[in-house]
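From just these sequences and the hints, can you work out the full model?
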Amino acid sequence: MARDNEDFTMIFNEIYPGLCRFLECLIGARAVGTTAQDIAQESFMRFYRQDEGLIPAAEARFWLYRVARNLALNEMSRGRTRQRFWGRVLEIFHAAQTDPAQALEQTERREILSGLLEALPEQHRAALLLREQEEMSYREIARVLEISESKVKVDIYRARQSLRARWRELERAASV
Amino acid sequence: MKARIKIISFLFLLPLLCASDSAFYPSGKGLAAASDEPRVQFHIVAIEEKGTERRTLSETTVEGPAGTDFNVELQDGRFSLVARFLTDLLSPEALKVRARLNTRRLYGRSEKELPLYEEDTQNETLQLGFDEKIILLPFGRGGDERLLIEITPTLSEKSARLASGGLRPLEIEIGRQSPGGAISVKASKTPHRFVVEAVLLEDGREVARAEAPYLIEEARELLLQPVGDASPAVLQHPLAINLTLSEYSMTRTADQISLGFDLYRRDAQHESVRAAIAQKWAGIAELGRDLTYELSNSFPNAQGKKYELRFKVKLAAEEKAAR
Amino acid sequence: MDCEFTEKVSLLLDAELPPEDALLVTEHISTCTACRQAQDDFLRLRREIKAYEIQPQPPFAQAGMLARILNSEKLPLWRRSVSIPVPLMILLLAIIVGLGVWAATLRRASGLAQSNGAPEKATPVKALPSQTEVVEGEGLDFSHYDHGERAAIYKVRRNASAAHTATDSRQ
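Chains as they are written, first to last, in our numbering: chain A, 85 to 260; chain B, 1171 to 1493; chain C, 3 to 173.
Check each hint, because a few of them may be wrong.
[Claimed, not checked] Listed next, the stretches of chain C that the computed footprint assigns to chain B, with coverage defined by at least 3 CB atoms under 8 Å from CB atoms of chain B:
#1 22–33
#2 96–102
#3 142–151
In short, the hints are calculated from the structure, not lab data.
By construction, the Cβ of each residue, glycine as well, lies at the ideal position given by its N, Cα and C atoms.
Structure (structure tokens):
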């Protein structure tokens, strides 16, 4: 039986913002403009078309993150780049609505973190983002990424070690 | 003539008989070797019971040296169980199995729609003969439909050594896989038996010591006995250590064991009178190397003396032989 | 310089350590500068990653996307795609091919029988065994068994069934 619209809306509103954030961090600089949203839309579109019996609501989150991540991997492997034009357009639209200094700080922090994350191998990055942003357990992360729990443990640890080392390098460079 | 010869012959042969029993008795080497390195097999079957009907869902056999551990894991979207079994062969007829069951069950969602889980941990120690089996009911005894896991141990007939002389590794045979892999079995062999040596040093001199065999994850008390010219402080208040070895790990550089302990001073006259010096201390020791704790700040009436507690954890002889 | 416990600090922060290990690691952190630093760094990273805000979107972008999906054309069943695990896919193909071969064989046999003038025999119905085989690939749903009770574990004599068991045996 096709999915009920009300159920789908509830799932969409719950998961969509987090999924976009995850995708944006995962794809990094390549996810400029609407790429992360495109992938999120495609993932939800596929989910919407699935029969409810195949993916119960409790499994939705894992299924969506798994599919979205696989779609993101496809994007990254194709090496698509998008112009920063769209990003600038969006910022112009929103500049009037936010405090410019705050907006700048947010942009800077986003770019710094994005740069740091981009330097990580994709699997380390995905595991860490699912843990820190989505607060998934190692078991849940293993299900989404289709790897073992012990690999999740190692990937997250290595991601953290790598990030903290690079962060320190940045701080050292900035203080010079 | 005959009689004399017989007696002489007998007298002549008797020393030979005594010197070499192998001429008349099996050397026992083969038998001894087999029992020195016994192997155990666990047949693990998941069964669904509906009334009187039983349906086998999965079947796995784990076979390995004595001290082989295994996990039985159940997982679906809402429920997970990790049942960990530490096994030890106590004798050719008896097995000690320590089970730890960790259960996680989804029971609802929070106000922010985050999943909420109910978690439970149970520990159970079973001592069983090879004419017995273990029954695990992941969801308890109730209901018309039940899931049960039967674990049947037997002494394995496989030899401990391969033809090349090397140790036969652990083997897992999956007779029937559960649908969707919802039930899985993992096995491992890590050392369970250790020897712990504890020494109290006063200004660098050994003044009390104790040594005892330990089984992993079993608390046991070490009573340090004064040695040499221990000071009155040590003689009147000998130390007792309630110690547990908790986790063994093999790292790239060395084998390590985690330990946790409480330290007490006993009254030499009144055994039951104890004062805690240190509680819930912990550490990670490298096998065969010293792990030292500075006690001077915690030791009552130290009077300027430096006190240290030094541990050394080694593999038990039977574990070394099995490597 | 890192300590060998640093990896366990990472597990502690993710609540992935059993309680007794968590206690050990917490105790250790209080005495180890390297691990304390690692913990601080990991927590700072966590704050930064959690604080990450996505690129601002045009107003009503989310609502617009939802509307687009809900209004999208629902594919007829025959055009929908479904993800099937590879082993199940292989099994289904094998069943389809097997059915095809069986049907073809039956047709041939009945054709031969008819050409020989022999009457067609009805195919006997195979009785189902009492212990049904489990079909690989179907998932297990534990909710049938789950009534919220705690797990139980005990030993029994080998020839005893679980239904007639001894009381729990504790050492």
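Results of checking the hints against the structure:
With a cut-off of 8 Å between beta carbons, the segment 22–33 of chain C has 6 residues touching chain B; three or more are needed, and the interface restraint holds. Check result for the segment 96–102 of chain C against chain B: violated, 0 residues qualifying (beta carbon to beta carbon below 8 Å, three or more required). Residues of the segment 142–151 of chain C lying with their CB closer than 8 Å to a CB of chain B number 10, which satisfies the three-residue condition for coverage.
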